[in-house]
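S.K.: So the chains spell out like this:
Protein chains: 2
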Amino acid sequence: MDYNGLIIVFMCLARCIVTYMLCLSHRHVATVVSGTELARQIHKEVQSDIAKLVAQGSRRPHLSVILVGDDHASHTYVRNKTRTASLLGMSSSTIFRPSSVSQEEMLELIDKFNRDRSISGLLVQLPLPEHINERAICNAVAPEKDVDGFHIVNIGKLCLDQRCMVPATAAAVWEIIRRTGIETVGKNVLVVGRSKNVGMPIAMLLHSDRNHERPGGDATVIMAHRCTPLPRLKELASLADIVIAAAGVPHLITADMVKEGAAVIDVGINRMQDPVTGKHRLVGDVDFEAVKVKAGFITPVPGGVGPMTIAMVMKNTVTAAKNAPTY
Amino acid sequence: MDYNGLIIVFMCLARCIVTYMLCLSHRHVATVVSGTELARQIHKEVQSDIAKLVAQGSRRPHLSVILVGDDHASHTYVRNKTRTASLLGMSSSTIFRPSSVSQEEMLELIDKFNRDRSISGLLVQLPLPEHINERAICNAVAPEKDVDGFHIVNIGKLCLDQRCMVPATAAAVWEIIRRTGIETVGKNVLVVGRSKNVGMPIAMLLHSDRNHERPGGDATVIMAHRCTPLPRLKELASLADIVIAAAGVPHLITADMVKEGAAVIDVGINRMQDPVTGKHRLVGDVDFEAVKVKAGFITPVPGGVGPMTIAMVMKNTVTAAKNAPTY
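Protein chains in written order, with our numbering: chain A, 1 to 327; chain B, 1 to 327.
Isolated chain A (complex conformation) (with noise of 0.2 Å):
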């Protein structure tokens, strides 16, 4: 080969390289935020205060859980938070009730629950069959005890930024956002979904103010939900720095929607049926693999929030067994 030969290789590689850099630069892909690691993080963390209180000659804390009914996911959830909570060195129980077990049955549980000392956190899973009232068993626990933040003294002080339990989901998002380091003071925040387990409170914490007791995100945040005509969550979600997807509806937020360099952040949960194997699996609210491409942070579904709510009710359970009354 000779001289010319050499540069015009030598050029067209280098036309390569900067093709494929440029290519790279353009091919943006989101971090992907692993709840399972933030979990390792909390679970440590909650390890040593558990380490602690018993140092300081406090009792073990204890988590106690009702189950009622055979509902499989109820089953799986109550089951991973119980295997947690002994991992992480606290002690637990479930007690199980057939679907017919009555409300006054219920509320007497819970009532004995509530007074007995050797138990810190206490949480009913939901959802309870249609003739026991779900208002009238989360009020019941009492506030102190109700490591899943669903009573009502519990919302009021989280809607008034006061410090309180916080319900572990929205906990998980919040934490999911300050320990990636995502900023929400003067962002957009679109929250879809407005139950009043998730997206409500995670609107309230993210929109409150950073100085209350119980510090809020600052943002200006966005409450959409099935109401929301898609046009306009479409363009809504265009304006959006962080959007948390809560609405349980597979693959709802598209790549389409999403701005470049957005946090998204899916907490749906949905199991569905492969068309061609037959076999169930979990989605989650964002079309994960297209959305990836676009955004700046994407929590995957599972091993997203899913961990790091489990994580948040045994910090919350620790929390309760510290605040415990010492006599």
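In case anyone wonders, no lab produced these hints; they're calculated from the structure. Since this is a predicted model, take the numbers as computed values, not measurements. Each hint should be verified, as a subset may be incorrect.
What the hints assert, rightly or not - With a Cα cut of at most 25 Å, we get these calculated DSS-like pairs of lysine-lysine:
#	chain 1	residue 1	chain 2	residue 2
1	B	K234	A	K259
2	B	K196	A	K196
3	B	K234	A	K234
4	B	K234	B	K292
5	A	K294	A	K234
6	A	K294	A	K259
7	A	K234	B	K259
8	B	K259	A	K259
9	B	K196	B	K234
10	B	K234	B	K294
What the hints assert, rightly or not - Selected chain A positions facing chain B (Cβ under 7 Å, derived; list incomplete):
#	residue
11	I152
12	V153
13	G186
14	H207
15	T220
16	V221
17	I222
18	A224
19	C227
20	P229
Yeah, the Cβ is synthetic: ideal placement off N, Cα and C, and Gly gets one too.
Go by the hints and put chain B onto chain A.
M.R.: What follows is chain B alone, placed relative to chain A:
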């Protein structure tokens, strides 16, 4: 004048008329929603409710107000409330305390009034002196007599879409929207201001489900506040079908922000001194004259949300009287 001349004059005239009509159709002016007028409607309903209660042999509703210190605006507000109560056939009493009053004395007073069956509704005029914990005072008022809707259980119920005492200003905004026939389902509502007594409860009412125990507006709600940068506020306002200004910033909402035909509800009451005359006057958070030309509906200040807020305190007091035990 010959025939041709007549035709020219006629055509000129016709052109003038068409131009004027076109002008008129573009010089759109909003419907000014009179809060005073709507409040009169509510007064009539309250009067009729009181008459029914008394006819049934129930006690005449009674509103008790505790007023601390010498704040001029607070004294005016309280006088407006007790005067309206008396006009509607309700009895009322105002208990004055100096700003040196102790929290303990306040709590004792509230406790006494809570137990007094002749009192239907009880409110403590805010703000209170710094040495008194407002939250402790609000939570001391019996929830069923809490006509301001500030007790934590009433806030919790509001946020859970349960029937409750709705804070009067939020209830006033709700009634203005409802009675004016402004559609909310699937609409974009921008709430500017996130105070716990006004902005937050308005957002709660408007975003929630119309089929719940306490029906909501089913709107997509944007919660903006002092941390929302002005360009972002403008961007979001331009998408809003309803703008609710509750920031306490004079003339924050300008005509360039508002979408043509939007409903603009002004909750702001700002006391401003005229730089020329030196006189004080009340102005809202909305640049009324300029926005009026662009909006579809607009509430004035004064004469908008203000009189409706007082009407809603009256309505809450009658509700409290209706729900009071009859033993």
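S.K.: If a hint holds in the structure, say so; if it does not, say that too.
M.R.: How the hints compare with the structure:
{"no.": "1", "hint": "K234/B to K259/A", "in the structure": "19 Å, holds"}
{"no.": "2", "hint": "K196/B to K196/A", "in the structure": "18 Å, holds"}
{"no.": "3", "hint": "K234/B to K234/A", "in the structure": "18 Å, holds"}
{"no.": "4", "hint": "K234/B to K292/B", "in the structure": "17 Å, holds"}
{"no.": "5", "hint": "K294/A to K234/A", "in the structure": "15 Å, holds"}
{"no.": "6", "hint": "K294/A to K259/A", "in the structure": "7 Å, holds"}
{"no.": "7", "hint": "K234/A to K259/B", "in the structure": "19 Å, holds"}
{"no.": "8", "hint": "K259/B to K259/A", "in the structure": "23 Å, holds"}
{"no.": "9", "hint": "K196/B to K234/B", "in the structure": "23 Å, holds"}
{"no.": "10", "hint": "K234/B to K294/B", "in the structure": "15 Å, holds"}
{"no.": "11", "hint": "I152", "in the structure": "4 Å, holds"}
{"no.": "12", "hint": "V153", "in the structure": "6 Å, holds"}
{"no.": "13", "hint": "G186", "in the structure": "5 Å, holds"}
{"no.": "14", "hint": "H207", "in the structure": "5 Å, holds"}
{"no.": "15", "hint": "T220", "in the structure": "4 Å, holds"}
{"no.": "16", "hint": "V221", "in the structure": "5 Å, holds"}
{"no.": "17", "hint": "I222", "in the structure": "5 Å, holds"}
{"no.": "18", "hint": "A224", "in the structure": "5 Å, holds"}
{"no.": "19", "hint": "C227", "in the structure": "4 Å, holds"}
{"no.": "20", "hint": "P229", "in the structure": "5 Å, holds"}
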